[in-house]
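S.K.: Take the given structure of chain A and dock chains B, C and D with the ligands to it, following the hints.
Read off the chains here:
Number of protein chains: 4
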Amino acid sequence: SRYEYVKNFERESILLPETYIVIRVDGRGFHKFSSKYDFEKPNDLCALEVMNSAALKLMETIPNIIMAYGDSDEYSFLLQRRCDLFERREFKLISTFASTITAYYQYYWSQSFPEKPLQPDRLPTFDARTVCYPTKELVKDYFRWRQVDCHINNLYNTTFWSLVKSGLTTQEAENRLIGTLSSDKHEILFKEFGINYNNEPEIYKKGTIFVRELDFESDVNIDLSKRQAQRLQKKLKKSEIKKLHCDIIKDEFWDCRPWLFS
Amino acid sequence: SRYEYVKNFERESILLPETYIVIRVDGRGFHKFSSKYDFEKPNDLCALEVMNSAALKLMETIPNIIMAYGDSDEYSFLLQRRCDLFERREFKLISTFASTITAYYQYYWSQSFPEKPLQPDRLPTFDARTVCYPTKELVKDYFRWRQVDCHINNLYNTTFWSLVKSGLTTQEAENRLIGTLSSDKHEILFKEFGINYNNEPEIYKKGTIFVRELDFESDVNIDLSKRQAQRLQKKLKKSEIKKLHCDIIKDEFWDCRPWLFS
Amino acid sequence: SRYEYVKNFERESILLPETYIVIRVDGRGFHKFSSKYDFEKPNDLCALEVMNSAALKLMETIPNIIMAYGDSDEYSFLLQRRCDLFERREFKLISTFASTITAYYQYYWSQSFPEKPLQPDRLPTFDARTVCYPTKELVKDYFRWRQVDCHINNLYNTTFWSLVKSGLTTQEAENRLIGTLSSDKHEILFKEFGINYNNEPEIYKKGTIFVRELDFESDVNIDLSKRQAQRLQKKLKKSEIKKLHCDIIKDEFWDCRPWLFS
Amino acid sequence: SRYEYVKNFERESILLPETYIVIRVDGRGFHKFSSKYDFEKPNDLCALEVMNSAALKLMETIPNIIMAYGDSDEYSFLLQRRCDLFERREFKLISTFASTITAYYQYYWSQSFPEKPLQPDRLPTFDARTVCYPTKELVKDYFRWRQVDCHINNLYNTTFWSLVKSGLTTQEAENRLIGTLSSDKHEILFKEFGINYNNEPEIYKKGTIFVRELDFESDVNIDLSKRQAQRLQKKLKKSEIKKLHCDIIKDEFWDCRPWLFS
Ligand SMILES: Nc1nc2c(ncn2[C@H]2C[C@H](O)[C@@H](COP(=O)(O)OP(=O)(O)OP(=O)(O)O)O2)c(=O)[nH]1
Ligand SMILES: Nc1nc2c(ncn2[C@H]2C[C@H](O)[C@@H](COP(=O)(O)OP(=O)(O)OP(=O)(O)O)O2)c(=O)[nH]1
Ligand SMILES: Nc1nc2c(ncn2[C@H]2C[C@H](O)[C@@H](COP(=O)(O)OP(=O)(O)OP(=O)(O)O)O2)c(=O)[nH]1
Ligand SMILES: Nc1nc2c(ncn2[C@H]2C[C@H](O)[C@@H](COP(=O)(O)OP(=O)(O)OP(=O)(O)O)O2)c(=O)[nH]1
Ligand SMILES: O=P(O)(O)OP(=O)(O)OP(=O)(O)O
Ligand SMILES: O=P(O)(O)OP(=O)(O)OP(=O)(O)O
Ligand SMILES: O=P(O)(O)OP(=O)(O)OP(=O)(O)O
Ligand SMILES: O=P(O)(O)OP(=O)(O)OP(=O)(O)O
Ligand SMILES: [Mg+2]
Ligand SMILES: [Mg+2]
Ligand SMILES: [Mg+2]
Ligand SMILES: [Mg+2]
Ligand SMILES: [Mg+2]
Ligand SMILES: [Mg+2]
Ligand SMILES: [Mg+2]
Ligand SMILES: [Mg+2]
Ligand SMILES: [Mg+2]
Ligand SMILES: [Mg+2]
Ligand SMILES: [Mg+2]
Ligand SMILES: [Mg+2]
Chain A
157 SRYEYVKNFE RESILLPETY IVIRVDGRGF HKFSSKYDFE KPNDLCALEV
207 MNSAALKLME TIPNIIMAYG DSDEYSFLLQ RRCDLFERRE FKLISTFAST
257 ITAYYQYYWS QSFPEKPLQP DRLPTFDART VCYPTKELVK DYFRWRQVDC
307 HINNLYNTTF WSLVKSGLTT QEAENRLIGT LSSDKHEILF KEFGINYNNE
357 PEIYKKGTIF VRELDFESDV NIDLSKRQAQ RLQKKLKKSE IKKLHCDIIK
407 DEFWDCRPWL FS
Chain B
157 SRYEYVKNFE RESILLPETY IVIRVDGRGF HKFSSKYDFE KPNDLCALEV
207 MNSAALKLME TIPNIIMAYG DSDEYSFLLQ RRCDLFERRE FKLISTFAST
257 ITAYYQYYWS QSFPEKPLQP DRLPTFDART VCYPTKELVK DYFRWRQVDC
307 HINNLYNTTF WSLVKSGLTT QEAENRLIGT LSSDKHEILF KEFGINYNNE
357 PEIYKKGTIF VRELDFESDV NIDLSKRQAQ RLQKKLKKSE IKKLHCDIIK
407 DEFWDCRPWL FS
Chain C
157 SRYEYVKNFE RESILLPETY IVIRVDGRGF HKFSSKYDFE KPNDLCALEV
207 MNSAALKLME TIPNIIMAYG DSDEYSFLLQ RRCDLFERRE FKLISTFAST
257 ITAYYQYYWS QSFPEKPLQP DRLPTFDART VCYPTKELVK DYFRWRQVDC
307 HINNLYNTTF WSLVKSGLTT QEAENRLIGT LSSDKHEILF KEFGINYNNE
357 PEIYKKGTIF VRELDFESDV NIDLSKRQAQ RLQKKLKKSE IKKLHCDIIK
407 DEFWDCRPWL FS
Chain D
157 SRYEYVKNFE RESILLPETY IVIRVDGRGF HKFSSKYDFE KPNDLCALEV
207 MNSAALKLME TIPNIIMAYG DSDEYSFLLQ RRCDLFERRE FKLISTFAST
257 ITAYYQYYWS QSFPEKPLQP DRLPTFDART VCYPTKELVK DYFRWRQVDC
307 HINNLYNTTF WSLVKSGLTT QEAENRLIGT LSSDKHEILF KEFGINYNNE
357 PEIYKKGTIF VRELDFESDV NIDLSKRQAQ RLQKKLKKSE IKKLHCDIIK
407 DEFWDCRPWL FS
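Protein chains in written order, with this note's numbering: chain A, 157 to 418; chain B, 157 to 418; chain C, 157 to 418; chain D, 157 to 418.
Bound-form chain A, shown alone:
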């Protein structure tokens, strides 16, 4: 029609080829969401598993996702370096990931919490963003950043809610923790509540990793021939997605999985 010219005002943003794309989604206003639907404090295992199921399903749907990491109300998805999903169009990626995680979260929520039906004035929603990293070292540091963040928040929250459950007001608990170091919190937990933080569940301390897993072959080379690369892609597609709660800060996790960066 004579009005079609208005489509020329649309802009496109193509993410730089051959960089690793990370897409992070984060629950919008989950502070309020978690209190409205009575999440357990500091961690609601069931709610975390809703998030994990949603992320896993998304990963199963999109084979270009080679690994994912999540904790709290957020998840980060790593696309392969050569990934051409939506021709790397940023707006399609962002909107699709935001929409899909939302759809799965609501779906799994209704499966897991039939007794807590979602109400229209507070449905779970997510923002999304893309980030490009040119090297694998940066990708590793990205995921380390998220896991360190998980650790810091969880140590804080665990101590905070222990104090509150023992009778302090939230304000008092907050004041008590101002300026404390990591070691101080460990000590409070141990001395005052008999909690050895190291024995806390790994899923809370480390978050959740989903990773497409291959048998480790020391020779999974980075510089593959074209044919080897295609074979690897095929293997990856059929590979099992493993769920882990392990350390991803040390090198070991990465050194054992060269295919993440192939």
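Errors might be hidden in some of the hints.
Just so you know, same-sequence chains aren't split out, so a pair can sit in one copy or run between any two.
[Unchecked claim] Below, a list of computed lysine-lysine pairs in the BS3-like style, where the Cα atoms sit at most 30 Å apart:
| # | residue 1 | residue 2 |
| --- | --- | --- |
| 1 | K321 | K341 |
| 2 | K163 | K347 |
| 3 | K296 | K248 |
| 4 | K361 | K321 |
| 5 | K188 | K394 |
| 6 | K213 | K188 |
Because the hints were derived from the structure by calculation, they are not lab data. This one's a predicted model, so the numbers in the text were calculated from it and none came from an experiment.
M.R.: Positioned in the frame of chain A, the structure of chains B, C and D with the ligands alone reads:
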């Protein structure tokens, strides 16, 4: 942490101030979605109303949306020219709209179609994009574009499915319509099926408009004083959102609503 | 060749259609440049005219420029709203304007200052940037901003160098002026140096405007028919470029020249 | 001033950190420029050396440029991966490179061609663009692309102008070369003009490389400690810039210079 530097790789895109922002969402793969959940052809009124409810709810939640237009699996939302929602950050806008429309669609679907529970392998999802228009004439042409598109598709689909219901295969119906003009389709409908297209339901022919409605005051000026502008904003917030299926191609709709561009 | 794929890494940025594009160039390190080539203080008329000649020549070369404003080491060029120069590609616009102003400046310098040959370790260079404005009010405010800036700087510099020429060190002069208002500077100039600032040359106080000039016809409408618009474009191409040092803050300048925004 | 708000309409584009930035400048309309100033055909050594001098001077001025490659009217500059020049702001980079190469070209032209003074209606100007490459392999392929292009053009031009000088019209020469392979052109040159293309000057066949040169130490490692990296940077700053006309398609050039990617 020492890993926080990776956040510096995030980019921001701020939409040009003082332009009208339109955000369009569109169902992903609704061809398959509509056939999986047995939509009526060519139009499933109930499904359209799920979409309408989702869009209305989104508009109620975000007061910056001054009007919306939708048909089929898509909706366009118009933000006010001075709107500062998310500081006009494009990625927040895109991801939030994609996520929120998804959440509401699924919610209203489960209310409207208890007999058609959504299945995890085909949940409704949406992409989203922003477009900026510097003038109100362009904004009008944008919405005209969408309504003309609605009209063209609906006339085609109505004729196509009439032919198919009368016994043609889909391939035969398609062939029959190749090269036909608008007037030819009107004639087929009338002569062969006794359908006067003009009497078809307005919602199918024109789509759905949601608009924040004020009493028409011929003097709603474009150049308001600061205080008048604030008063107008207040009025708009309290105003009723009206649902219409009227023509938005002619000037009348726009001339009666100067506040859309204030 | 097999290496051509690397061209896919190039990005394009297209400026939003139907917005007014302003391109501003600014001399790089002209503090040092002006002292190296012994500019008169606070204003070197000859050097300013080199800048003006360069800007005028650029404007003559590119008919899409409808007006320009400059002072000190900077110039701003206004493109017409519908302008399609380089298909509105930002990088071409930026690099071409930066390059062309550089070429003309050096050329006119060598004509105007044969006794001050440019030396390779300090050639005049310029940065450039584009800004898009959706409305003509914003465009006016843009140029007002630059002229107010010119005024503020010139009043300061005139007072500063009067003080210095009267014997103060630059540090003393700076201290003397800290916290002074516009009126204080007027007074210093008048009382201590017998200078009535209002009688200073207009080119210093107001900067320089180049504008494509038409006979004023009160009826130069904004909403022209297509044919009228083409006729106007033709007229503009043949029109004379006028050089002014007048006020562009008040409405008069703009009200008399509706064609700037046609 | 109250008008300063218009500055908020400026946009910034920051190039992705830790990618290799290449900036390519290219003469605008050098087809006409070269004929106006009577360049020798197909190659004007003196004009090429003006270009080379301008590029070298630019490289000397900006220590972040680790190598440059040029032929015909273009030059490509490679910035170091960690380079923070202008905080990686794209518009500053583009405009500064376009402006600086223009200034130097004009300057060296007037030194080299006192008998061909530049005329204001055809001054040499340049466009500029940035491209980011995430890996060193891509950077190598980028420069290979330019050198292959140089070779293809030069072989064509050499044959074309030989034909023209022998009496063909330009149209006839063009027709003669349509569909010819590289080997055909070699043969034409040899059989018809006694020219062994391989003996043509290297500067025409290979273009010009400027590279910051270190003594080759096989152990210039990619993964340097912070202190080693700083020492390397210092060395590079003091290092000599070498001018070469060698092959950069084969690996040898790159393998000998690991510091290009450190
Ligand atoms: N009680 C409880 N709260 C949780 C759990 N997981 C997440 N949350 C809450 C704690 C935080 O307040 C919130 C996540 O923090 P964010 O920084 O993402 O903030 P929020 O989502 O409120 O705002 P945002 O829209 O992301 O800026 O979600 C949980 O398992 N239990
Ligand atoms: N039967 C039926 N189909 C509908 C209705 N509303 C929308 N659809 C279908 C018809 C179209 O195939 C589809 C919308 O067209 P689109 O161009 O958006 O394509 P689709 O969503 O399949 O792909 P996309 O992911 O948007 O590229 O949705 C309805 O009320 N009834
Ligand atoms: N003496 C003298 N100086 C002038 C004249 N016109 C401009 N300048 C100098 C005064 C300022 O120091 C400088 C312009 O200020 P800018 O803010 O553009 O700074 P500058 O160019 O030094 O740095 P930049 O690279 O633009 O950030 O040029 C003149 O006519 N006479
Ligand atoms: N005769 C002669 N011509 C040269 C020499 N170096 C470059 N040229 C001319 C040949 C080409 O026509 C032109 C470079 O080609 P380009 O593709 O850059 O085209 P041009 O600069 O004309 O247009 P552009 O503004 O870059 O799109 O410069 C030379 O040494 N001798
Ligand atoms: O932790 P982030 O990156 O989400 O930081 P934020 O402060 O929440 O910022 P944003 O508004 O971009 O979500
Ligand atoms: O109709 P549109 O704009 O959605 O056009 P499209 O062909 O679907 O393109 P896109 O892949 O951008 O949705
Ligand atoms: O006055 P401007 O806009 O040039 O401001 P600046 O501080 O010089 O910034 P820039 O580094 O963008 O020239
Ligand atoms: O060879 P390039 O990249 O300059 O290609 P072009 O066709 O000249 O395009 P441009 O208009 O971007 O210079
Ligand atoms: Mg956030
Ligand atoms: Mg959140
Ligand atoms: Mg969060
Ligand atoms: Mg689409
Ligand atoms: Mg769709
Ligand atoms: Mg659609
Ligand atoms: Mg500046
Ligand atoms: Mg300057
Ligand atoms: Mg300046
Ligand atoms: Mg080009
Ligand atoms: Mg060229
Ligand atoms: Mg060229």
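S.K.: Evaluate each hint against the coordinates.
M.R.: Consistency of the hints with the structure:
When the C-alpha separation of K321 and K341 is checked against a cutoff of 30 Å, the pair qualifies only within one copy, where the shortest distance is 16 Å, while the shortest distance between copies is 67 Å. For a Cα distance limit of 30 Å, the shortest separation of K163 from K347 qualifies neither inside one copy, at 65 Å, nor across copies, at 36 Å. Taking the closest pair of Cα atoms, K296 and K248 come within 30 Å of each other both inside a single copy (25 Å) and across two copies (25 Å). In this assembly of identical chains, the alpha carbons of K361 and K321 lie at most 30 Å apart only when taken from the same copy (20 Å versus 60 Å across copies).
In the homo-oligomer, the alpha carbons of K188 and K394 lie at most 30 Å apart only across protomers (25 Å), although the nearest pairing inside one protomer, at 40 Å, exceeds that limit. For the identical chains of this complex, K213 and K188 are neighbours both inside a copy (25 Å) and across copies (19 Å), given an alpha-carbon limit of 30 Å.
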